[in-house]
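J.: Here the protein sequences come in this chain order: A and B.
Quick note, the first sequence lines up with residues 1 to 155 if you use UniProt numbering.
Quick note, the second sequence lines up with residues 1 to 151 if you use UniProt numbering.
Think of the hints as simulated: they come from the structure by calculation, not from any bench.
Do not rely on the hints blindly, as some may be mistaken.
Stated by the list, open to error - Estimated spans, in silico, between C-beta atoms of each pair:
id, chain 1, residue 1, chain 2, residue 2, range
1, A, 35, B, 135, 38 to 48 angstroms
2, B, 33, A, 121, 38 to 48 angstroms
3, B, 22, A, 85, 39 to 49 angstroms
Just so you know, these numbers come straight off a predicted model, no measurement behind them.
Beta carbons: idealized from backbone N, C-alpha and C, even for Gly.
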Amino acid sequence: MSDRTATPDATDLAILKLLASDATRSAADIGRELQMTQPAIWRRIKRLSDAGVIAGRRISVDQTALGFGVTVFLGIRLAAKGRTSLEEFERAVTAIPEVQTVQHVLGQFDYRLRINARDIADFERILRRRIMTLPGVGQVEANVMLSEERRPGPL
Amino acid sequence: MSDATDRRILRQLLADPDVSNADLAERAGVTSASLWRRLDRMREAGVIQAIETRIDWRKLGYEVEVSLRFTLDKTEPRAFDDFIAAARLVPEVTEIQTFLGSVDLRLSVIARDMAHWQQIYRESILTLPHVADSDALMLVSNIKNVQALPL
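Construct all of the structure, not just a fragment, from the sequences and the given hints.
T.: Right, dumping it as structure tokens:
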């Protein structure tokens, strides 16, 4: 993986698989599990980080314990489309603090949003005051998340 | 369960998940020893559930990401369990969520390119059990993706 196009080998993928669920594992610990030396593991982790394959950490928290008991996924279709309205919409929607994720998508909707609210009443406030007032917003579909599972992916 | 100092630490940590412990202690206004103790306690209490590694799948050659939304056949009592068990066996599935609303379930699926996507779709997605309806949203670009919460 000395350049962008080089592909990681099976050992790289094994390291990624171990780090995926726990970013705090040490090179020594991973080395013991994969029967390799600590410096060899460290070099590979550094290479994967430098190449951007390891993009950073994700802190998984108990949102309910922190007072954010409601996660809602929104599908938004813009009423009027045009380059200016897309940029205007994107600028306004990214400024909403309760919106964690904004994805531009192709399909039945134009955008996918992930929203964290304290409760349903709080979500209604965000929906009415922040979302429905966004420039160009048309059809909105809301689905309240009940459970979530992240998978390791093809490693 | 967590006091103002814990919340301050979490607010800073979620705003910048890659922050070093030294910088995090400074931003939250606590000593390193206190930071360690509080992070440990929040992990034990389950407030911090995991510290995972974010993998950039594009850098591994996965250029396509699709959000698949399903409505299940609810006359089948095991619809959710069977569907989720089958979806877990598809390596390209990176997220599984269940919902209350017009959509029952959602999968994030990654593929190397459109040909690979078509292969996954035909061999692994169309064969998932108890599906009444489904639709796909193809990712064009990530506009915002943060972990911050307005704590």
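J.: A separate judgement is required for each hint: does it hold in the structure or not?
T.: Okay, the hints, checked on the actual structure:
A hinted range of 38 to 48 angstroms for the beta carbons of residue 35 of chain A and residue 135 of chain B is consistent with their spacing of about 46 angstroms. Checked against the hint of 38 to 48 angstroms, the pair residue 33 of chain B and residue 121 of chain A passes, with Cβ atoms roughly 40 angstroms apart. Judged by the Cβ atoms, the range 39 to 49 angstroms given for residue 22 of chain B and residue 85 of chain A holds: they are separated by roughly 44 angstroms.
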